[in-house]
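Q: In case you want the letters, here they are:
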Amino acid sequence: MTAHARRRVRRIATFAAAILLVALPVGAQVDLGTEEQRAAGKVVYDKYCGQCHGDTGDGNGYATPRVKPKPRDFTTGTYKFRTTPNGMLPTDDDLRRVIEIGAPYTSMPGWPNLTSAEIQNVIYYIKSFSPDFENPDRYGEPIEIPRPLESTEESIARGRVVYEEQGCAACHGEVGRGDGPSAPTLVNDKGDPIKVADLTQRWTYRGGATKEDIYRTFSTGLNGTPMPSYADSLEVEDRQHLVNYVYSLGDGDDPNYGTLITAVYSEEPIDLQNGETLDALFEAAPTTRFPLVGQITEPGRNFFPSVTSIEAQAVYNRDEIAFRVRWHDLRADTSGRNSPSLEVPMWDEDNGIGDDAGDDGGDSDDFFGDFGGEEAPAEDDFFGDSGDDFFGDGGDDFFGAADAGPPGAEFSDAVALQFPASLAPEETPELKPYFLYGDSQNPVDLWFVNLTYGVADTFRGRGSESIEPTEADIVEAVTSYDQGEWTVTYKRRRSSRAGVSFAEQQYTPLAFSVWDGFNRERGNKRALSSWFYVYTEPSVQPATAFPIVRAAIIVLVLELLVVFLVRRRARQKAAGEEAASTTLAATEAPAI
Amino acid sequence: MLGLNLPVVIVLAAIGGVLAWRRANTLTWLLYTWVALWAFFKYGFAVPIPQSVVTIYLGITGLALVCFASSSRERLSETVQPIVRLILEPRYRLALAGLLVALPALAAYNVYADLNVPLEAPGFGREVHPPPPTEMTVHDETVDMATAENPYLHYKHDDPELYGEHLENGRRVYYENCFWCHGDGMGGDGMFAHGLNPVPSNFNDVGTLPILQSSFVHWRIAKGAPGLPGAGTPWDSMMPAWEKFLTTEEMWDVNLFIYDFNGYEPRALGQH
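Those protein sequences? They're chains A and B, same order as listed.
Using the working numbering, the letters of the first sequence correspond one by one to residues 1 to 592.
Using the working numbering, the letters of the second sequence correspond one by one to residues 1 to 272.
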């Protein structure tokens, strides 16, 4: 394009924009950018976005079969995170916000490296995928977000009333853990199962975790999801109280992931059957939260684990050690089977929450019959072609069929602690068994609890292919499920004949696995952690005052000594005595 | 850049500049050197150096400074002069008293802080790029690590269209398998990266792909963490052994793609 032509285009564009501006209500404006801007946006899009959102914007990229939630389909004009009323298109600023910071705990990353102009261009390009952006009627005035009210007790209490009255608990659960009675049934407008937000883990909010974000989320709703808009049913002030209540549910802005549990010493006996004394024991023990991710290193991969973190504590007494772990789960699945070594057919890797094969297991086998079902095909062709079809069309049917029976009943929830079978030799303290169920030279011990039975089974792992039950040590466990939270408490003798013993002041490697039966997790399809540590704190705490005072006194004495020596020398010199040259020869005139 | 915490480095340099401008005396310089190095080791790096290592560095530094100060009689007296004046001259009496109180207090605080550092899991070093084996077997084929090269790289010049096809296939493989860990933009910051230790490699980094031969990268892709020697702490890394999931061609294609995406070339054969 010549400069002249370009100028002309620009003039026409400005003119057209001006006309549109006059025709539209204030604030809403159709701004589709220039040809060049969209072309520049396409370059960015093709490099950074198309692999998920699809090269044609239809949400069908390479990654799509293996991520949940699915990448946005830009051809529909349906957007979740908006300042505009329910059903309306987002503003450019809304889109920019998502692109800059991403949607936490989804596969949509933030793109802090893109320049402001690149983001604007890619926004223009994204908008070109849907004709809705040309339709002035789809534009709405952004809502006004008031300054948050002070979080007083009254405000939170009023917010709680609103939370109950508006039925948030039906989906989000009584205390916000995402375990409401409707939670397992929810789907988005494409028929994909959708996970309700866990309001207690603010860092996982996809649309942002500030009070303003929360206000915006339930005021405008999340288009395309069951999360409704409450703009019409709630006064502004009640919404502000509700924000304070939702905020008060959270454990903080940050997960504060740790790397170590400190096991505290107690004189008391550890009695698993006496809930009250047990709780009192753990009251005194610090809690550490550990990140969990999907097991995607070995076959049976879990691309969308439901559980993203686990909290752990430990206490010990003279003879025994106890561990307590807690995590959130939208429902207790306590009727199915599970074990660390259950086989996961390859096709099931791309299958997740609510996509329950359940009773039509036979069906799905037929469906994948051609691919050899249970055997892991070396080529990935399968996912490239059929995978998409399966989710594009089959997915819905599949889910529909599952509605018939209780979904997820096939597999139960489960948890395991993993320890090395022996500590590293002194020469190589860094040596550990392979974090995935150990390896042939360095086995691990698993303390596995299938929550259908609620008792601990022990396994010895020498790699994913070799996991055998053992009975060398007796591990006991008690379990409970309350308001969306599982609590499992384990106990074992500190010394062991076959496995690791927990001596005082010892760092013992430890890793976690969690299986959500509802998400069809079993065997290697699980959420897991890297190796972390448990440290057994000394049973007698060393006094701290003494070393502090000692350090101060030593320094003071040294100081006084220096002052004394210097002064004495000066006196001696003043007395006209011949000074021997010592290290403090400082005051001598330089010899020339 | 270089993993440095630039603001800290700039502030330290600026203080040094001011001292030079004010023509500070030897003692001040020595103190500055020691404190500045302490601050640099402690806060100057994006990834903190372990305290034990910092202590060693500072011990060596202290020793070097003492040697420097006492290297000649003049220098020694020049260094000690301000201290002696502080102790002897009546007009500094208040300052001296202050110092006598402040130093023990500092020592006490240091011990207190040491006793109260939150416990941390023991950390171990790992070799990021350990030497590869001389040969390996991938899908029943023997690969000689010294001579193997990405078989599709030459298409870049010989047959751009075919090159494009391999790249596109590599792109598919990457976004079906790798981005959870290595990230959508390959910054080592995928959605699972926060749960991994060691963290996934950052392919944007100049210290990763460009210094590696394509055969090395092929080895890492095919054999993953389990293929690492002990110095690479294979038990901790989540890097999968992709030969379990991918064909040889797919592995070379994704190898091609991660270089191309970042605008890098593999290190040439025989180059060190």
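It cannot be assumed that every hint is accurate.
[Unchecked claim] Below are the DSBU-like pairs computed for lysine-lysine, each with C-alpha atoms no more than 35 angstroms apart in a straight line: (1) A:Lys211 x A:Lys190; (2) A:Lys47 x B:Lys244; (3) A:Lys195 x B:Lys244; (4) A:Lys42 x A:Lys195; (5) A:Lys195 x A:Lys211; (6) A:Lys42 x B:Lys156; (7) A:Lys47 x B:Lys156; (8) B:Lys244 x B:Lys156; (9) A:Lys190 x A:Lys42; (10) A:Lys190 x A:Lys47; (11) A:Lys47 x A:Lys195; (12) B:Lys244 x A:Lys190.
[Unchecked claim] A partial selection of chain A residues facing chain B, derived with a Cβ cut-off under 8 angstroms: (13) Tyr265; (14) Pro433; (15) Tyr434; (16) Gln541; (17) Thr544; (18) Ile548; (19) Val563.
To be clear, the hints were calculated from the coordinates, so they are not data collected in a lab.
These numbers come from a predicted model, not from an experiment.
No residue lacks a Cβ here, since even glycine has one placed at the ideal position from N, Cα and C.
Q: Now look at each hint and say whether the structure bears it out.
A: Quick rundown of the hints versus the structure:
1. With a C-alpha separation of about 29 angstroms, the suggested pair A:Lys211 and A:Lys190 falls inside the 35 angstroms cut-off, and the hint holds.
2. A threshold of 35 angstroms between alpha carbons decides the hint, and for A:Lys47 with B:Lys244 the separation of about 28 angstroms falls inside it, so the pair holds.
3. Between A:Lys195 and B:Lys244 the alpha-carbon distance is near 31 angstroms, which keeps this suggested pair within the 35 angstroms criterion.
4. About 32 angstroms separates the Cα atoms of A:Lys42 and A:Lys195, which keeps this hinted pair within 35 angstroms; it holds.
5. This hinted pair checks out: A:Lys195 and A:Lys211 have alpha carbons roughly 21 angstroms apart, not beyond 35 angstroms.
6. A C-alpha spacing of about 23 angstroms is found between A:Lys42 and B:Lys156, which places the hinted pair at or below 35 angstroms, so the restraint holds.
7. A C-alpha spacing of about 18 angstroms is found between A:Lys47 and B:Lys156, which places the hinted pair at or below 35 angstroms, so the restraint holds.
8. A C-alpha spacing of about 28 angstroms is found between B:Lys244 and B:Lys156, which places the hinted pair at or below 35 angstroms, so the restraint holds.
9. Taking the CA atoms of A:Lys190 and A:Lys42, the gap is about 26 angstroms. The hint holds against a cut of 35 angstroms.
10. Taken as a hint, the A:Lys190 and A:Lys47 pair is honoured in the structure, with Cα atoms around 26 angstroms apart against an allowance of 35 angstroms.
11. A C-alpha spacing of about 29 angstroms is found between A:Lys47 and A:Lys195, which places the hinted pair at or below 35 angstroms, so the restraint holds.
12. As the CA atoms of B:Lys244 and A:Lys190 are separated by approximately 33 angstroms, the hinted pair is consistent with the 35 angstroms bound.
13. Evaluation of the A:Tyr265 hint against chain B yields a violated restraint, the C-beta minimum of about 14 angstroms exceeding 8 angstroms.
14. This hint holds: A:Pro433 has a C-beta 6 angstroms from the nearest C-beta of chain B, less than the 8 angstroms allowed.
15. A distance limit of 8 angstroms between C-beta atoms decides the matter here; for A:Tyr434 the minimum to chain B is near 5 angstroms, and the interface restraint holds.
16. The restraint placing A:Gln541 at the interface with chain B is violated, with a minimum CB-CB distance near 11 angstroms, outside the 8 angstroms limit.
17. For the restraint placing A:Thr544 at the interface with chain B, the shortest Cβ-Cβ distance is roughly 5 angstroms, inside the 8 angstroms limit, so the hint holds.
18. With its C-beta approaching chain B no nearer than about 5 angstroms, A:Ile548 sits inside the 8 angstroms limit, and its interface hint holds.
19. A least Cβ separation of about 5 angstroms between A:Val563 and chain B falls short of the 8 angstroms threshold, and the interface hint therefore holds.
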